[in-house]
Amino acid sequence: MSEKVLMKGNEAFAEAAIRGGCRLYFGYPITPQNEIPEYMSRKLHTVGGAFVQAESELAAINMAYGAATTGKHVFISSSSPGIALMQEGLSFLASAQIPLVILNVSRGGPGVGGIQPGQADYRQATKGGGNGDYHIPVMAPATVQEAVDIIYNAVPIADEYRNPVMILADGMLGQMMEPVILPELKEALTIEEIRRAKPWALTGHGDKRERNVVKSLLLKPDELEEHNINNEKKYQRMREELVRYEADKLEGAEVVFVAFGTMSRIVDEAIEELNQAGIRAGMIRPISLWPFPNEAFDKIDKSTKVVISAELSLGQMMEDVKVAVEGRYPVELIYRTGGMVPTPSEIVEKTKKILEVV
Amino acid sequence: MSEKVLMKGNEAFAEAAIRGGCRLYFGYPITPQNEIPEYMSRKLHTVGGAFVQAESELAAINMAYGAATTGKHVFISSSSPGIALMQEGLSFLASAQIPLVILNVSRGGPGVGGIQPGQADYRQATKGGGNGDYHIPVMAPATVQEAVDIIYNAVPIADEYRNPVMILADGMLGQMMEPVILPELKEALTIEEIRRAKPWALTGHGDKRERNVVKSLLLKPDELEEHNINNEKKYQRMREELVRYEADKLEGAEVVFVAFGTMSRIVDEAIEELNQAGIRAGMIRPISLWPFPNEAFDKIDKSTKVVISAELSLGQMMEDVKVAVEGRYPVELIYRTGGMVPTPSEIVEKTKKILEVV
Amino acid sequence: MATHKLIIAGFGGQGVLLTGQIIAYAGMMEGKEVTWMPSYGPEMRGGTANCTVIVSDKKISSPVINEATTVVAMNLPSLVKFESMVEPGGKIFINSSLIGEKPKRDDVEVYSIKANEIAADLNNAKVANMVMLGAVVDKTGIVKRESVERVLEKLFTGNKADLIALNKQALRAWNK
Amino acid sequence: MATHKLIIAGFGGQGVLLTGQIIAYAGMMEGKEVTWMPSYGPEMRGGTANCTVIVSDKKISSPVINEATTVVAMNLPSLVKFESMVEPGGKIFINSSLIGEKPKRDDVEVYSIKANEIAADLNNAKVANMVMLGAVVDKTGIVKRESVERVLEKLFTGNKADLIALNKQALRAWNK
Amino acid sequence: MVAKLKFNKEKCKGCELCVSVCPKKILKIDDKNINKMGYHVITVTDMDACTSCANCALMCPDGVISVYRKKK
Amino acid sequence: MVAKLKFNKEKCKGCELCVSVCPKKILKIDDKNINKMGYHVITVTDMDACTSCANCALMCPDGVISVYRKKK
Amino acid sequence: MDTVFEYTRGMLPVNTTYCPGCTHGIAHRLVMEVLDEENLLGETIGVAPIGCSILSHNYMNVDMCESAHGRAPAVATGIRRAMPDKTVFTYQGDGDLASIGAGEIVHAAHRGENFTTIFINNAIYGMTGGQMAPTTLIGQKATTAVEGRKKEVSGMPLRISEMLATIDGAVFVERVALNSPANVRKAKRAIKKAFLVQQKRLGFSIVEILSTCPTNWGLTPVDALEWLKDNMIPYYPLGNFKCPEEVK
Amino acid sequence: MDTVFEYTRGMLPVNTTYCPGCTHGIAHRLVMEVLDEENLLGETIGVAPIGCSILSHNYMNVDMCESAHGRAPAVATGIRRAMPDKTVFTYQGDGDLASIGAGEIVHAAHRGENFTTIFINNAIYGMTGGQMAPTTLIGQKATTAVEGRKKEVSGMPLRISEMLATIDGAVFVERVALNSPANVRKAKRAIKKAFLVQQKRLGFSIVEILSTCPTNWGLTPVDALEWLKDNMIPYYPLGNFKCPEEVK
Ligand SMILES: Cc1ncc(C[n+]2csc(CCOP(=O)(O)OP(=O)(O)O)c2C)c(N)n1
Ligand SMILES: Cc1ncc(C[n+]2csc(CCOP(=O)(O)OP(=O)(O)O)c2C)c(N)n1
Ligand code: SF4
Ligand code: SF4
Ligand code: SF4
Ligand code: SF4
Ligand code: SF4
Ligand code: SF4
Ligand SMILES: [Mg+2]
Ligand SMILES: [Mg+2]
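Residue numbers (the working numbering), protein chains in the order written: chain A, 1 to 358; chain B, 1001 to 1358; chain C, 2001 to 2176; chain D, 3001 to 3176; chain E, 4001 to 4072; chain F, 5001 to 5072; chain G, 6001 to 6248; chain H, 7001 to 7248.
Any given hint might turn out to be false.
[Said to hold, decoys possible] Here chain H is said to cover these stretches of chain G; the calculated rule only asks that three of the stretch's residues, wherever they fall, bring their Cβ under 8 Å from a Cβ of chain H:
| id | region |
| --- | --- |
| 1 | 6096-6102 |
| 2 | 6223-6237 |
[Claimed, not checked] To be clear about the criterion: a stretch of chain H counts as covered by chain F if any three or more of its residues have a C-beta under 8 Å from a C-beta of chain F, and this derived list gives those stretches:
| id | region |
| --- | --- |
| 3 | 7009-7018 |
| 4 | 7021-7027 |
| 5 | 7181-7190 |
| 6 | 7219-7228 |
Think of the hints as simulated: they come from the structure by calculation, not from any bench.
Owing to the predicted nature of the structure, the values given are computational and were not obtained by experimental measurement.
For glycine and all other residues, C-beta sits at the position ideal for the given N, C-alpha and C.
Looking at chain A on its own, in the form it has when it is part of the complex:
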């Protein structure tokens, strides 16, 4: 495998998508993910692909949809308000069953907000802001390396389920450089491969088959219901097959943190500090935010006094944590918002206060 290189998060993400087989990218500038379109604009035309600077995020998601209807692998990225503009499109893609890998390098919101890192798009990502009954799997990496691996693997996942897959990173992960090992370069699918693997794709019928139609409108409610129920079966399969998480030091833990992405790294250090202070603490790190790793919570030890959702948002993940905990433990929240990031010691202090009360 290739050697370790030092790469900026955003550039590594772009390269991971290319290596995963994506040769088509449509994007609109927005901080803190501009290095991705910039990288793609330099790179894609050298590997037989295409980069288009879209006129807006709305156009970008629809370009991506169009490109993906042909069966080719497509990758796009944006940041918080840009993702908000894509909600109609994401609902459309899910409904039309079109695979796509989409990355949100999120910032502090709401509205224009700021451009420092945040996790306040948790609800936007996991609950969906498009209309109707659909779901999008959401994966949240904590390091540049993990992000690279997740993006790379998201390409076949999107194909497998014929559904968009979202990666939720934050501005910090996008902007920083960390050592990373890049996975092997995959060739783009050929038309022949597409015709074989994706019989629904729009490749021109060539008078050799019935015409293909990719659609989202089903005017007859009974047909739409059937369509939705079939999709729900798919979502159920995702719930069974796509759960990813890490559970660490749960045995004998007094406190169990739940944290993802950048926040989990800070919590990691806080746990060390807590240990030094004689407090046993563990962590569940959801990697898949949807489906949420409910099963991980069955591993929590009887010794645990409190489960703490640690977020860069105002308790957005805590709702899912509560569903998963099912009333077995009290659930508390430690958060920063608006682009602020806590230090490990800050988490330690807040944890101690919580422990005094529970």
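Given the structure of chain A, go ahead and fit chains B, C, D, E, F, G and H with the ligands onto it with the hints provided.
Below, chains B, C, D, E, F, G and H with the ligands without anything else, positioned relative to chain A:
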């Protein structure tokens, strides 16, 4: 008060908004709510207001934002995918603390979907698809009369909290005619009233005060965090003050249904049928979907064997029901989707099947 | 019957939506629960229109129905489309001025009314729907004829008031 | 010290981002954990640039820091902006070719390096950052000078290879 | 009589666009016959007069009409 | 010497736009003095030569320069 | 017998759901005739809009996809970039293209995307029941302008061809009408040229087609043709606005 | 002493965060000078875009709001309809107006909304760090076009004034530049006329201002003025495209 009139839902909604003080409407056609812009186009210019047919839903929400920054009351409406296009805007308004009353006459999704009624925008409405930490109160009427009253009262609620308020109706409620008593007509706010009640509003500083600025960008993370925490206090106040629901026949009930909007009317009839079959059933009807009426679930009787979320969506509300039930009762789902609507007998049959198992 | 569920369908210009509204209005004035629900959306294309009216003694749940107690077909495409929706034992009203065919159903009561011709006899082609309405009201009892007449009085005011007499006449014309 | 946290700041053209990357790269080659984090967004306006480098023996949590162990100011606005971020007992490196002022802090160690002039003496104004880097490496021990030299060898390949010698020379020039 | 025109009457919606553009005025809607969609359909009154100009077919939105011409 | 020019030096960013458009070439950046923002600021070398044409002020993006003219 | 006219195999043998006399049906046929004659049916990917013609994929014998309201040009851009050697077109109404999708069409033209747009201007929102479009004429009645469109409230109708013709990347721009056999013939010639422009990869091509909506205009199909001629053509002059030398 | 030039009280006495020599600062001042001279500062509501000038509300002494990226014309429409007797303007960059907001500006013009748009064309995305704009020139380098913009990939640069001038409701359209004292004077005259058009409620008015972005062009502020003159003005000719009789 005025006499009972027979009105089409959508027209009654429009009239309710006008009577509540809204003289400004910006909208884009979309079935099944076209009678609203049509009504507004005929009516508003006769009462000193303005109707603008926006070029898109995206433009409409931003026109509404602009108009509302002046402190005047603004009403807008759309349907499912149109609301999806407004997500960036809604997040922006919440962040900039601008009041607005917005109505979703929803249809079956996802994507373009169909145009028959649905409740599959539950997540879109209650969890928000815009970016960042914000909330929008969501009210769900079950009859044309209730919709009229809720819209009328939403105007001062939006002002009180300086936040958008959403009404989630469905296509059926918008298209049908039912008898309705219309509330009293309120005058539009005068500039003087606005200057007094809304010192933040953009009315021109007239060299008499510091300039006003309505904004959503806070580049400094500490300021953005403070802003978000202040907003969260407001949301906490909403959670305490805006809960609305009806709880009916809970005493001794074997089954408790949770259903809102049109679905609650069908469940009502199903409960009667169940009673006749000797099965005691009750219902919690959330009127506020956010904040969700968790407290109502404390009233459920020990006799209850199962709580059933009955929805025109694939279990979207069920997640909130589970949070509210906190593991005290099993939670099951009865649904139709894609614009299909169940008959009361269908619900009875499915309920009997569920009761066999639990 | 405690609950009447009626579908009226025809060409766009035949006033079927208004006819349904008049029934709902009359029901409301009789203190009954009523809902009126039009077809909407792309269905409309082709220039046809239809609506569903429910008049009931008790609270009405779904305004969308699976079966109708009565279907009124003002033109042929409407008959073709809605014939199958009548419940067994229900009623079908046919505007036989425009429909030569008979329904294929043999488990329903069929009433053929030459609505257009009768209206023409009244010197106003526009009241064909009123002629039909009279038949429906008399044969189904969904609302009282007097209630319909009161609705007409409320509906036609000002310089339209002279239409009241004509419309009342039309209401009674179907079996003259 | 197990964890070095360094801020380098200057004008856009002074190569401060690259300098930070070289340190991170060198750290990585020494088997240490490293992160490099630039300022981004509208902060960039005004033509200034800065980045934060962490080199540590243990896993690095937040790449954003509240306090630095070392600040390198290549121009005056950078000194003004970052002076307060050094922890007590930390180090400030000043490019005294461009900065006449002294820091106001008295609880830190200050090193003044005439980076531009020294670079000019080497007949290449562009290596001022390398001159400064040499000083930083030698005085803080954040990474080894040899590691930096290995990075330079990897960085300058092909027809840029002849720059290696010059840069190595610059690295050593600060205290000549 | 040679059939210069063929009608796919099941597709006809009786819109009369063809009728309005026929220079020979030989097309009309058959108010006796109704197709499965419920429309009265197109018919020709005097096939011989047809010049095979195809105006009717060009204007038909529903692909009802085919036009032929005698081989010369 | 009459001060035809007034500078609000704390706002100056040393961009030299004013310098480039002065027909009299009497403006220059003072490489000795730095303002609170950290910029070297504008200065005038020969106030007497100033024609009060205001070109400099027109081009200044930061509102640094005021221009006056002797009353006639 | 010689065949003078037979329905193109580009159209599938099914009944459309369009209203009687709606000229959408003619426009569909012309596009498919051209693609068939150029032997492109098997090599084409079409993009349907939101509007009455969302159902065009039920009728056109080519691979097709639906698109979100107004976004067809973005979707076509994606297809074009993914499939450099296919023929790509969008078929859009005036609500779709001129209102909600104004940004997307301007930018497809701006980038000079090599696809063809068939723009059906019927001066109304057909599918949703007759609301005002940006192209609705002054005085024309619509459900959101019951007294007829007024300049003071809604401005003057938007002339899309004239606007797009100012953009370099839009290399073929022509306006045609479907109100008479002669104009239908001209329309087909314009569509043919537009696809030729695309075959030669010269840039973006668009044919604006003045079309009727008898249902929402409240006219019989035949009267609607008249109304188009008397009202639309004077405000929306027919003709070619731009044509590359290569296809003249 | 007579005052020849003093900084307008329309600008607040604070330091801007714009880069040294960025002509956004000149444009800000001109707008505020005009509003002050017309005695409108207290009667004006401004709309800031997303772009470097999102912070303009920190500097301009009028009531203002921010707007989502590209939507300023929609926001101004809302304000205009709510406040028929105020003066309303938007201030937008080329990314904001010509790219993501192309639909909104076309439709503000189409409706003939009575507000004034100040359009800062600096041929680049300033705030986000130098990506290509629709107005970036052929050959001009941008971070998403490192070898310079190419026609084959991104089309020819979009000329907004020319495009909007085809729309009836856009009654005043002029392009000016900020590269010299003479052109700054002309720019001010154009801005004044645009606000006059609004005062008379004649329709939509827009002034396109060619402006520099030394930071992302990679030039000194003075060289940037030169570059503007030598490269932008030839492709974006200065002058008035449309002016109502009443304000000529
Ligand atoms: C986002 C969104 N907004 C609105 C609609 C509703 N809608 C469906 S079709 C249509 C307009 C159709 O008009 P036009 O494009 O002129 O096509 P026509 O039906 O006239 O051919 C609208 C507004 C929608 N489906 N999606
Ligand atoms: C929805 C959305 N997309 C993208 C962005 C990121 N963004 C901020 S400013 C900007 C472009 C600014 O360029 P321009 O409008 O030309 O203004 P300038 O900075 O050049 O004055 C972009 C793309 C955003 N804030 N919101
Ligand atoms: S081919 Fe010509 S003459 Fe013959 S029926 Fe058609 S229009 Fe008439
Ligand atoms: S034009 Fe076609 S559909 Fe219309 S009447 Fe003639 S044959 Fe029938
Ligand atoms: S006023 Fe004119 S002459 Fe005087 S300094 Fe300014 S530019 Fe030079
Ligand atoms: S133009 Fe203004 S900011 Fe620039 S150097 Fe001159 S005075 Fe200073
Ligand atoms: S509504 Fe209008 S555009 Fe749509 S099919 Fe009917 S006539 Fe044609
Ligand atoms: S980035 Fe460019 S446009 Fe923005 S302030 Fe700096 S110079 Fe001006
Ligand atoms: Mg149309
Ligand atoms: Mg710009």
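Quick one: which hint numbers does this structure break? Sort them smallest to largest.
Hint 2 contradicted; others consistent.
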